[in-house]
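This is what each chain is made of:
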Amino acid sequence: NAGVTQTPKFQVLKTGQSMTLQCAQDMNHNSMYWYRQDPGMGLRLIYYSASEGTTDKGEVPNGYNVSRLNKREFSLRLESAAPSQTSVYFCASVFRPDRRDTEAFFGQGTRLTVV
Amino acid sequence: TQLLEQSPQFLSIQEGENLTVYCNSSSVFSSLQWYRQEPGEGPVLLVTVVTGGEVKKLKRLTFQFGDARKDSSLHITAAQPGDTGLYLCAGGRGNQFYFGTGTSLTVIP
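Protein chains in written order, with our numbering: chain P, 23 to 137; chain V, 763 to 871.
Source of the hints: derived by calculation from the structure; they are not laboratory data.
All clues given are correct.
One-sided and incomplete, this derived list gives chain V residues near chain P with beta-carbon spacing under 8 Å: (1) 793; (2) 795; (3) 805; (4) 807; (5) 810; (6) 850; (7) 857; (8) 861; (9) 862; (10) 863; (11) 864.
Cβ atoms here follow ideal geometry from the backbone N, Cα and C, with glycine treated the same way.
Assemble the whole structure, with the sequences as input and the hints as a guide.
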């Protein structure tokens, strides 16, 4: 099925460990996003990539890095995990041919626990 | 500080009742989206509104964008158990989308 695929679905890390969350979309969309979702906070934007070769910080970028490897793939890296990074992480792929028309698809999420 | 505040945060109603969820901000957005999210899943886009005062209908769901493009509402008529979920609004500015805090709706059969 077409859509956004995130891996892994679950992960437990020890404080200080590093890991990379993977995201891939097969809809040929230009824009991709990484969000984290915490109880009572909605979704907060970590980083986004408006097009292949570009990345920009969102609301909460500290402690994260991203790579837009190609048009399909956008990865999120935690260099030194902290308990405050325990969260559910969502990748989204967005197509906006014009302001009136938006297609947005989210992956199923990665549930990360840092102990 | 959240740019978009949603109310109520939690809502539990009986099947067949009507309800309205609000999404408010002091900032202007170029577009406003509504999503529904079910447990263990990612949000699913329901609608995008872009013009101040715009009203869109999706079956029993009616979405309205405020005249000043700072707020929006979602009205559900004759709620059904299948409407249960977390409803999120998101405001668009350039390439960024800012999400609200969410409204958790439970419809009791």
